[in-house]
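Using the sequences plus the hints, can you model the full thing?
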Amino acid sequence: MSVDVDGLVKKYIEAWNTTDLDTRRSLLGEVFTETGRYTDPQADVTGVENLVTHLTAERAAFGDLMFDLVKVVSVHHETLLFTWRLGVPGGDPVATGYDAVIVAEGKFQQVYGYFD
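According to the numbering used here, the stretch in the sequence shown is residues 9 to 124, in order.
Source of the hints: derived by calculation from the structure; they are not laboratory data.
Certain hints may be false.
To be verified - Straight-line distance between alpha carbons at most 27 Å, and here's what the computed DSS-like set of lysine-lysine pairs gives:
hint: 1; residue 1: K79; residue 2: K18
hint: 2; residue 1: K19; residue 2: K79
hint: 3; residue 1: K18; residue 2: K115
Below, the structure is given as structure tokens:
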């Protein structure tokens with residue numbers, strides 16, 4: 009895959025962490041295709057604007073908790089897998105998980121989020 013995977017994942021994590029709506033919208037527009045979809049055990053959201061709305065609601069619920077990229081585990085064909093943690097910066101994580109991503113047009117087409 010000739011995509012800057014690390015750059016996309018870092019922007020994606022930043023989109024979850026930012027409290028600025030315009031920054032979140034810009035980052036998600038850079039990371040996701042227009043019809044990009046995010047699915048986890050609690051959500052199924054399609055389209056950049058719906059992703060902005062979803063992440064904004066989640067960010068408000070997280071308070072001081074922030075996401076950290078742990079590791080891009082594997083990249084092959086048009087897929088990637090990375091691990092993350094959620095916690096107070098510098099503290100122990102309160103949640104960990106991984107995301108499996110399908111890439112199309114150099115952007116995220118589908119993210120499947122899993123919680124440990």
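Now for the hints, and whether the structure bears them out:
no., hint, verdict
1, K79 - K18, "holds, 11 Å"
2, K19 - K79, "holds, 14 Å"
3, K18 - K115, "holds, 13 Å"
Comparing the model with each earlier hint shows no violations; every hint is respected.
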